[in-house]
Every structure is written in structure tokens, then in C-alpha cells.
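Chains as they are written, first to last, in our numbering: chain H, 460 to 783; chain U, 61 to 366.
Watch out, some of these pointers could steer you wrong.
As the list claims (entries may be wrong) - Covered stretches of chain H, going by a simulated chain U footprint (3 or more residues, C-beta under 8 Å):
1. 610-618
2. 649-658
3. 682-693
4. 732-742
5. 745-752
Rather than coming from a laboratory, the hints here were simulated on the basis of the structure.
Treat the numbers as computed from the prediction; the structure is a model and nothing was measured.
Backbone N, C-alpha and C define an ideal beta-carbon position, used for all residues, glycine too.
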Amino acid sequence: MFAFIVRRITQAVFVMIVISLVGFSIKNKIGDPVRDMVGERVTPAEREVLRDDLGLNDPFLVQYARFLKNAVRGDLGLSFFHKKSALKVIISKAPATLELVFVAALILIFVSFPIGVFTAIYPNNWFSRFTMSFSTLGVSIPVFLTAIMLIFVFAVELNWLPSYGRGETVNLWGWDSGLVTADGLKHLILPGFSLASIMMPLFIRLIRSEMMEVLETEYIKFAWAKGLHRRRIWLLHAFKNTLLPVITVFGVQIGIMFAFTILTETVFQWQGMGFMFLEAVERSDTSLLVAYLVVVGAIFVFVNTVVDILYGFVNPTVRITGRK
Amino acid sequence: MKRKWEQFKKSYLLYSFKRDPVAILSFCVLVLLLLIGFAAPLISPTNPYDADSIDIMNSEIPPVWSEEGVEGFILGTDVQGRDLLSTMIYGLRLSIVIGLGAVMLQALIGISFGLLAGYLGGKIDALLMRLADIQLSFPYLMVAIFISAIFQIVFGIGRYADLAVPLLVVIIGLAEWPVYARTVRAAVIGEKNKEYVEAARVIGLSKRIIMVRHVLPNTLTSVMVISTIQVANAVMSEAALSFLGLGMPVTRPSLGSLIRSGFEYIFSGSWWITIFPGILLVIFVMVINLLGDWLRDVLNPKLYKG
């Protein structure tokens, strides 16, 4: 187990080094820190002096080492547009994205679990058949189209829900939250549903097939024979054992949802990290772009590593197959 | 050639195809869409790239069946006054070209890496698969968005727009090759200890010939199954990138960039610019997905898990 953890952490460190190298080369080759600091109205001679002062004429490896040292201390450079530390900009945008993913995950759970369980229990019901054929269509609709349709129906035509922005937010201990005001919650409904809709077909199918498998097992047959109430069999005995595989997949899919926030946030003008990233691309704000790359990369690597290690505790085969 | 055809006529593939109405319907729709896409210059009513034929006064005309519709613009016009139907047909063509191109690139990289890793094993295997693992730990859409963002800054927005088609092929190709590499590697490992490979080795064929001529053909079933799904994915990725403004420019719109340009006008009631390209995109992706599902069920290769 110890060897497994060490190997997993070494790999994580290696990935982070690769990411930081990519990030640094982008910054070094494409971005221009001098322009980031003083703009365009400075003579070339003054620029050259500034370049020397900043150490931009040093060898690549020396500069890379400096970049790493600063990155570890949490300094990822200044954002050209925001005139602030890039990391601070990202952190200020994080609550919006995290709340969006959180709400989408909640919607996903509360919609797909009942439907998945229902379609497993009554596979021949008209509703189950409809859901199953609809799920292929659901996979083929891109998330931004779902979002646009929701806006068109609920915001433009019916005028029930707001179509952009976060609405009223409250600052709770430095965290701008839209979860505690009625207005903020209203603004979360459409983006949350759009984001959840990508995963819904997959989850309903997964829950359905897992549940159907469990319903065929011996212990469920025994429960029937014992004369337990059907609701008790379905919800207590069968459902409990479909949960483990579903939770495993859920962990992986949350990461994918995170990637899709870039699309959802664009449609809803949601002031989160994804929206900020696209703005940074449009403004050629290289420092912010690189900072986003490093931060998101670090989050993914951290989560993957922790999940793998936890999984190694639960399932010993993982730690053995990885061994050479 | 004739014998092959006879063989195909008796095959299980064709038999099950003829008995599955959903597969037949999706196949017909797919062929129709592909034909429309490739024959775009011949069948589209106007040429949306020809600036002379476009009149800005014609912008945002609703479809012909609504009250303000104008004869000649069946599905209405977009914000630049282009006939929407023609623009959609040309957009479909771009989506097809980019989708197929990207999948070919993915397959090329993925199959060569998978073959090398699976057949040679050892250090090469460890290196290539580590690389694939690392890339797979990030969602492919995110990888694609990152690569395109970097390209856009490197090339500048103007150059990027000019080179958009080849660049998108490269971006989507680079973002998704690990899927192929893993599938092919798993299939190769399943094949490489079989007797025919052993026999080929005994008669002294070179590694390269064994890999390409003997092992590769036997991994193609699983390649075929993932390829259909990968085309659907590539088309979706292209649409997503274009929607974000990181793909095709508005002057040569793909379906994704048409939806993007229409979205800005949906609040003023011009729904058709978004909805029609959207429906076309969904139908196109859905028939590929349906065919992919059918193919997977029929060929049922023990989808080797990596």
C-alpha cells in the first residue's frame, strides 16, 4: 500500500511538472510581461532595460526555476487586464463555478435516481420505454443548444426565469454565494439544469442497468421468498447495492462537468472561471490563461490522485495490477 | 473483388442490418446528409461565401411560412443577410470535413501508438500509455479548448480564422487519440500471443510486417466500433469550439458558429438562426450515434478494456 501511494504521488508530481512546463513555455514564448506591465507606449531601449531587470534575458531553465518557485508560493503572475494577481482573479471567480457544479450535481441526483430506479423496476412501462429512446436523443444534443432552448422557452417566451448572470449574491465569509437569496437561486435553475442535462442520459442508463443486475441476484430472490414488502426490497435491499458503482462513476463525471462549465457559463454570462478563461483568450491575457491552466490542472491532478489512493484502500486489485 | 462482395452479401452484418429498421433509417439519413454536404455547391440555392450575392438589407428574414417571410429564402436569412438554408448546407459540409479529418488523425496517431505499445511492450509501452493515461485524466473537451486557446494566441485571431479547418482537425485529433491507442493496444495484446503471429515470427518476418500486415487487421473490428462514436464526438467538439468562438469564423460558419451567431439575436425573437442549424446538428450526430450503437451490438467485439 505504501509503495502504491508513493508511486501515485510521484506520478502526480510528474504530471504537474509537465503542466507547469507547458504553462511556462506559453508564457515565455507568447506572452510579453513587459507589455503586461507598461503597455505599448514605452521606447524599445527602456523595454530592454526592464527586460534585464526582470530577468527575461536569463537562460530558459533559470527562468523556469524562478517560475516554479513563485508558483509554489502561490504567485502565478499578474493578469494584464485585471491588473491583479492572476491567482486572486481566479479565486474570486471560483465560487460561481463551484456553486454551479454543486447545483447541477444535486439536480442530476434528484432527477436521475428516481427515473433510473423506476425504469429498472418497470422496464416495460410506457414511461420507461420513452425515457430509454429519449436518452439516445439526449446524448446527441450539445449542452449549449439545451441551454439556448431553455433560455428561449423559459426566459424569452414565458419570461419566468432570468437568462443571464448570477443575480443577487451575498458575501459569506469571503465567499460570494447565490445559494442563500431567492434571486440567486432563481438564476441558478436554468444553468444548473443545462449542466446536469449532459450527464442525465448516461446516469439514468447506468442506474437502470446496475439496478436491473442487482434485482436478478439470489439475495433479492430470497427477500421475495421471505415475503418482504416490495418497497422494502426495492429501496432498502436493491437500491443500496446499486449505489457503489454509481458513486464511483459520479466521481469521474464531476470532472467532466467541470469542463462543460466553460460552455454553460458562456451561454448564461455566468461570471465564473470558465467565462473568465474565455475572456482571457479573447484579450490575449497570457498570464491569466497560464494561471488557469496550472490551477485547473492542479485541481484535476489532486482529485484524481486522492480518488485513486482511496480506491486503492477499498479495492486491493488496483494496487496490484499497477505493479510492474 | 467479386468474391468479397458475395461474402459481404452473406455476412451477418448485412443480415442484421436488413432486420433493423432503426439502423436502416439512420443509415439512409446519414448517407443523405453526407451527399448534401459533399454536393453543397451543386444543390444549395445560393453561395454564402460569395459576398456579391449577399445583401445586408435581407438580414433576419423569418422562414417563408411566417408572415414576413420572403419567397426564395426558405428557412429565412441570418444576421448578415445570407440565405440560412445555403449557409446551413455549407456549414454541414464543414462539420463533416472536420469531423472525418479529425477522426482520421486520431486513428493514425492512436493506432500507431497502440500497435507499438501493445506489440513491443516494455519501455515504449510504459511511456506511451503513461502519456495516454495523463491525457485521459483530463476531459477531452477541456484539452481541446486549451489547445485551441493556445493556437489562437500563437497564430493571432486573423491567421487562426484563415487556417481554421486544418487547425481544428489537428486540435480535435490531438485531444482524442488516447481512446484509439488504448483500444488498439488492448486488442493487440489479446492477439499477439496467438498461433498465427507465432507462425509469422517463426518464418522470420520482420516485426514491422507482423504488426502491420498480421496483427493490425485483426484489431480493426474494435477500431470500427469506436470510430463511429468518435466521429459523433468530433462533430460535437467542433460545434462546441465554434460556439465558444475558438473554431470556424462567422464568415465561413460551421453549424456551431451559426448557432453562436444566432444566439445573440434570440432575445429579439429571431429564433430560426439558432434552431434550424441546431436541429440539423442534432440529427446528424444522432444518426451516427444510433449507427454506432447498432454496430457495437452486432459486431460485439469483447470491447477490450485497457
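Quick check: do three or more residues in the segment 682-693 of chain H have a beta carbon closer than 8 Å to a beta carbon of chain U? violated (count 0)
Closer than 8 Å, Cβ to Cβ, for at least three residues: run that test on the segment 732-742 of chain H against chain U and report holds or violated. holds (count 4)
Examine the segment 610-618 of chain H for residues whose CB is less than 8 Å from any CB of chain U, and state whether their number is three or more. Answer holds; 3 residues pass the 8 Å Cβ test.
Annotated coverage of the segment 649-658 of chain H by chain U, confirmed only when three residues or more have a Cβ within 8 Å: violated (count 0)
For the segment 745-752 of chain H, do at least 3 residues have a Cβ located nearer than 8 Å to some Cβ of chain U? holds (count 3)
Checked against the numbered hints listed earlier, the structure breaks hints 2 and 3; every other hint is satisfied.
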